[in-house]
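Visitor: Sequence:
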Amino acid sequence: MDTQYLDGVFSTVTSYQSKLSETLASLKRATIQEDKETTVATVEDILDSKTIETNDKLTTTSISNESNQKTNDQIGGEQLSINDSIFRISSLDKENSSIQELPLDNTNFSENEQNVTDLLGIFSSYSETSIRDVVKILSYSLLSGEFLTIEKFEEKITLLIQQTQQLITEAEDSIHITAALLNFTNSIIYCLDEYRRFLQYLFANFSKNRSEDYFQIEDESIDTIPDLPDELQNVIRLFKLVLKVSRKDLLINSDPSELRNLALLAHQVEKLKNVQQSVAFALEIKLEFLIHKWDQRYKRKNPESSIKYRIGNTEKSLNGLKNNISKIEEWNNKIYYHYDFCTDSNKYGYYIHDALIKKRKGYSNLSLLELHGLIKFYKDFSKSESELKSIVEYLLDTDFSDRHNYDQYCIEIIRNYAINNYFSLISENKSHNLDKYQEIYLDCKSKLNHLSNNYFLQMKYLEYVLERIDDEYSKSLKENLISVNKKYARKIGEECSSILDEYYVKKEWAKSHDNYIVILPYEESLVDVSSIDKDLPKILFFTSFVLPDYKDSIDFNYSKIRQKFREVKALTSVVHSLKGDLQKLEELNKEFDKKDLKSIEIISLFTAIITFVLSSIPAFKFVETVYQASLFMLSMAASLGIFILLIFSFTRGFSNFFSKQRNWLVFLVIVFLFIVTSFSLISFENKSVNGILEKSVPNRIEKNSIDSLKKDLGIHTKE
2 MDTQYLDGVF
12 STVTSYQSKL
22 SETLASLKRA
32 TIQEDKETTV
42 ATVEDILDSK
52 TIETNDKLTT
62 TSISNESNQK
72 TNDQIGGEQL
82 SINDSIFRIS
92 SLDKENSSIQ
102 ELPLDNTNFS
112 ENEQNVTDLL
122 GIFSSYSETS
132 IRDVVKILSY
142 SLLSGEFLTI
152 EKFEEKITLL
162 IQQTQQLITE
172 AEDSIHITAA
182 LLNFTNSIIY
192 CLDEYRRFLQ
202 YLFANFSKNR
212 SEDYFQIEDE
222 SIDTIPDLPD
232 ELQNVIRLFK
242 LVLKVSRKDL
252 LINSDPSELR
262 NLALLAHQVE
272 KLKNVQQSVA
282 FALEIKLEFL
292 IHKWDQRYKR
302 KNPESSIKYR
312 IGNTEKSLNG
322 LKNNISKIEE
332 WNNKIYYHYD
342 FCTDSNKYGY
352 YIHDALIKKR
362 KGYSNLSLLE
372 LHGLIKFYKD
382 FSKSESELKS
392 IVEYLLDTDF
402 SDRHNYDQYC
412 IEIIRNYAIN
422 NYFSLISENK
432 SHNLDKYQEI
442 YLDCKSKLNH
452 LSNNYFLQMK
462 YLEYVLERID
472 DEYSKSLKEN
482 LISVNKKYAR
492 KIGEECSSIL
502 DEYYVKKEWA
512 KSHDNYIVIL
522 PYEESLVDVS
532 SIDKDLPKIL
542 FFTSFVLPDY
552 KDSIDFNYSK
562 IRQKFREVKA
572 LTSVVHSLKG
582 DLQKLEELNK
592 EFDKKDLKSI
602 EIISLFTAII
612 TFVLSSIPAF
622 KFVETVYQAS
632 LFMLSMAASL
642 GIFILLIFSF
652 TRGFSNFFSK
662 QRNWLVFLVI
672 VFLFIVTSFS
682 LISFENKSVN
692 GILEKSVPNR
702 IEKNSIDSLK
712 KDLGIHTKE
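Every position in the sequence shown, counted from 1, becomes a number in the numbering used here once 1 is added.
No lab work stands behind these hints: they were computed from the structure. As the structure is a prediction and not an experimental result, all values here were calculated from the model. For glycine and all other residues, C-beta sits at the position ideal for the given N, C-alpha and C. Fair warning: there could be bad hints in the mix.
[Claimed, not checked] In silico lysine-lysine, DSS-like type, Cα no more than 27 Å apart, as pairs:
id : residue 1 : residue 2
1  : K300      : K249
2  : K245      : K570
3  : K377      : K360
4  : K461      : K570
5  : K561      : K300
6  : K487      : K377
7  : K539      : K245
8  : K335      : K249
9  : K274      : K492
10 : K274      : K245
11 : K539      : K241
12 : K431      : K390
13 : K380      : K431
14 : K328      : K302
15 : K570      : K476
16 : K552      : K539
17 : K431      : K487
18 : K380      : K302
19 : K335      : K431
20 : K249      : K153
21 : K461      : K437
22 : K390      : K377
23 : K570      : K492
24 : K309      : K249
25 : K249      : K323
26 : K157      : K565
27 : K153      : K245
28 : K328      : K565
29 : K561      : K539
30 : K552      : K300
31 : K323      : K461
32 : K476      : K487
33 : K552      : K249
[Said to hold, decoys possible] Pairwise CB distance ranges, derived in the manner of DEER restraints:
id : residue 1 : residue 2 : range
34 : K362      : S447      : 26 to 32 Å
35 : D228      : T170      : 18 to 24 Å
36 : A205      : K362      : 34 to 40 Å
37 : D436      : I610      : 49 to 55 Å
Let's have the full structure, built from the sequences with the hints guiding it.
Guide: This is the structure we're talking about:
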């Protein structure tokens with residue numbers, strides 16, 4: 002972008018310098034003419050005195066000659082220029098004759114004086130016109146924001162100041178034009194100096210090379226320029242309003258007093274609108290949108306509110322936007338969708354439909370305004386960690402070094418915004434363990450730049466960690482409190498405490514600085530108003546659609562986190578102080594549990610033995626041999642052993658019971674007995690069956706013989 006407006010100031014000052022030189026030359030000629038006429042009048046007086054001497058008829062020749070010689074000595078050597086002719090007076094006779102030849106006019110002196118007055122009047126009028134022109138051009142330069150895109154713009158302002166100061170040096174020998182020249186130089190230098198001070202503040206706080214000063218003290222500027230006519234004073238006042246409105250655009254906040262400040266500026270512009278109508282109109286557009294943004298922020302907190310205020314006897318109200326300007330309407334829609342006035346995901350998806358289509362060709366095809374809309378979409382409506390991560394990677398990996406300094410600053414700010422939203426979405430996922438979450442936090446923190454000392458990551462991290470730890474304490478059983486406390490005591494006492502301190506420092510910085518979450522680049526922040534006033538340049542809105550933040554919400558959010566931290570820390574302190582008592586109580590409980598288990602085990606053991614003995618007595622009468630008795634005892638021992646193992650397993654737990662080697666040995670012995678007994682019983686059963694079968698064969702033969710004998714004897718038997 003060319004320095005069209007600043008070049009215009011250079012051109013106007015150069016033209017003024019030429020006019021000054023021309024006027025000085027004309028004044029010099031008029032002054033010389035006046036001096037000539039004054040000299041002629043002096044010669045006439047001398048000649049009149051000589052004529053009187055002649056009429057007195059001097060008596061001696063020597064005296065007459067002496068007088069003539071004296072006259073020649075006094076006058077003969079002088080050269081007088083009258084009407085561009087040079088003559089020499091050599092004798093009294095020649096003087097007398099010359100007096101009759103001089104074209105003297107008694108009105109010449111007054112005419113030359115009038116010429117000087119006219120020249121001064123013309124120059125004074127030219128000076129006033131030049132003041133108006135230069136101040137108007139400077140106003141356009143400020144409104145257009147050309148200073149953001151031009152390298153060493155501040156140095157150019159300094160050169161202009163030096164060039165203007167040199168005008169005084171050129172005219173230091175002339176007392177005639179002092180007033181008009183001083184009015185011009187004082188006015189222009191004052192405006193340029195105020196412009197430069199604004200740039201110094203802007204670049205110190207809103208640029209990639211911003212400095213983190215503890216505080217900043219600026220010199221107070223004068224309100225009026227001495228001896229300047231009221232009309233020109235108003236021109237200067239209007240320029241100061243341009244500076245004030247530009248600063249207010251950068252520093253707007255949500256405090257109720259801010260509305261009063263904006264309304265006061267609008268009222269001052271209204272009173273000066275006839276001074277330079279185009280400049281005043283540009284300020285009206287800017288103030289109207291700033292007031293609208295303040296109202297939108299206020300309505301988000303107080304939806305049903307309706308604000309009225311009074312200027313003098315006139316009641317005013319906030320009626321929204323009056324001027325139909327396409328860019329401002331676009332930003333107004335952005336405010337509606339971005340600041341949660343619209344919560345319908347379908348409507349928001351339709352709103353960013355074009356951006357979603359352009360995204361398919363790559364993020365480089367999107368403006369930062371469109372990219373900002375996608376971040377909102379994937380954070381709140383179509384939640385996607387992967388999409389947000391890809392946007393973050395694009396912003397971090399893309400080289401924007403070819404952009405000018407202010408645009409690079411804006412890109413750094415939106416990088417932070419994307420990282421914060423990505424981390425915020427991750428914080429909504431409660432499945433992350435604290436170690437993994439801390440790793441993500443440190444990774445996101447390392448990617449943030451230093452331009453915005455934002456506290457968002459610290460706030461989200463503490464909110465997540467403290468809530469998780471508090472929940473774990475709440476859900477833990479009494480006997481687990483010590484282990485939970487041991488797990489998190491250091492995290493609370495050291496890590497969270499340190500992050501809370503960091504959070505405090507950052508939130509205090511945010512309260513005293515302009516902590517914007519996003520600022521659009523230069524080209525995207527320009528508003529074309531040529532449809533309403535074709536003479537106006539595109540107007541720069543520093544904060545575009547971004548609403549001012551709530552200063553009170555900063556402290557409120559911090560107080561909630563700090564209170565939660567105190568509660569969790571107090572809980573850990575209480576558990577730590579009761580750690581000894583809880584350990585003793587836990588040991589006592591374990592001892593009681595052991596005693597109870599032993600009692601249960603003993604009772605179960607005796608019950609089992611008695612049960613088996615009592616149940617086995619009736620069966621013991623069928624034992625006929627020692628071998629049978631041994632088998633019976635083995636089977637009863639194996640069954641009793643298995644029963645005891647089951648009792649110990651249930652009372653002490655399978656894993657605890659089998660953790661000792663001796664228990665495994667006992668188990669193996671019992672299993673071995675069980676197996677041996679089982680095989681023995683099976684073998685015994687087989688032998689018993691065979692014995693019975695063997696006994697049954699002779700008995701059957703004898704029976705058959707008896708039956709045959711009875712049959713032969715004719716004895717009938719009953720079957």
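Visitor: Decide, hint by hint, whether the structure agrees.
Guide: A quick look at each hint next to the structure:
no.: 1; hint: K300 <-> K249; in the structure: holds, 20 Å
no.: 2; hint: K245 <-> K570; in the structure: violated, 48 Å
no.: 3; hint: K377 <-> K360; in the structure: holds, 14 Å
no.: 4; hint: K461 <-> K570; in the structure: holds, 18 Å
no.: 5; hint: K561 <-> K300; in the structure: holds, 24 Å
no.: 6; hint: K487 <-> K377; in the structure: violated, 40 Å
no.: 7; hint: K539 <-> K245; in the structure: holds, 18 Å
no.: 8; hint: K335 <-> K249; in the structure: holds, 21 Å
no.: 9; hint: K274 <-> K492; in the structure: violated, 62 Å
no.: 10; hint: K274 <-> K245; in the structure: holds, 16 Å
no.: 11; hint: K539 <-> K241; in the structure: holds, 19 Å
no.: 12; hint: K431 <-> K390; in the structure: holds, 18 Å
no.: 13; hint: K380 <-> K431; in the structure: holds, 16 Å
no.: 14; hint: K328 <-> K302; in the structure: holds, 26 Å
no.: 15; hint: K570 <-> K476; in the structure: holds, 17 Å
no.: 16; hint: K552 <-> K539; in the structure: violated, 31 Å
no.: 17; hint: K431 <-> K487; in the structure: holds, 22 Å
no.: 18; hint: K380 <-> K302; in the structure: holds, 22 Å
no.: 19; hint: K335 <-> K431; in the structure: violated, 31 Å
no.: 20; hint: K249 <-> K153; in the structure: holds, 24 Å
no.: 21; hint: K461 <-> K437; in the structure: holds, 15 Å
no.: 22; hint: K390 <-> K377; in the structure: holds, 13 Å
no.: 23; hint: K570 <-> K492; in the structure: holds, 10 Å
no.: 24; hint: K309 <-> K249; in the structure: holds, 21 Å
no.: 25; hint: K249 <-> K323; in the structure: holds, 20 Å
no.: 26; hint: K157 <-> K565; in the structure: violated, 54 Å
no.: 27; hint: K153 <-> K245; in the structure: holds, 23 Å
no.: 28; hint: K328 <-> K565; in the structure: violated, 44 Å
no.: 29; hint: K561 <-> K539; in the structure: violated, 44 Å
no.: 30; hint: K552 <-> K300; in the structure: holds, 16 Å
no.: 31; hint: K323 <-> K461; in the structure: violated, 40 Å
no.: 32; hint: K476 <-> K487; in the structure: holds, 16 Å
no.: 33; hint: K552 <-> K249; in the structure: holds, 16 Å
no.: 34; hint: K362 <-> S447: 26 to 32 Å; in the structure: holds, 31 Å
no.: 35; hint: D228 <-> T170: 18 to 24 Å; in the structure: holds, 20 Å
no.: 36; hint: A205 <-> K362: 34 to 40 Å; in the structure: holds, 39 Å
no.: 37; hint: D436 <-> I610: 49 to 55 Å; in the structure: holds, 54 Å
The earlier numbered hints that this structure contradicts are 2, 6, 9, 16, 19, 26, 28, 29 and 31.
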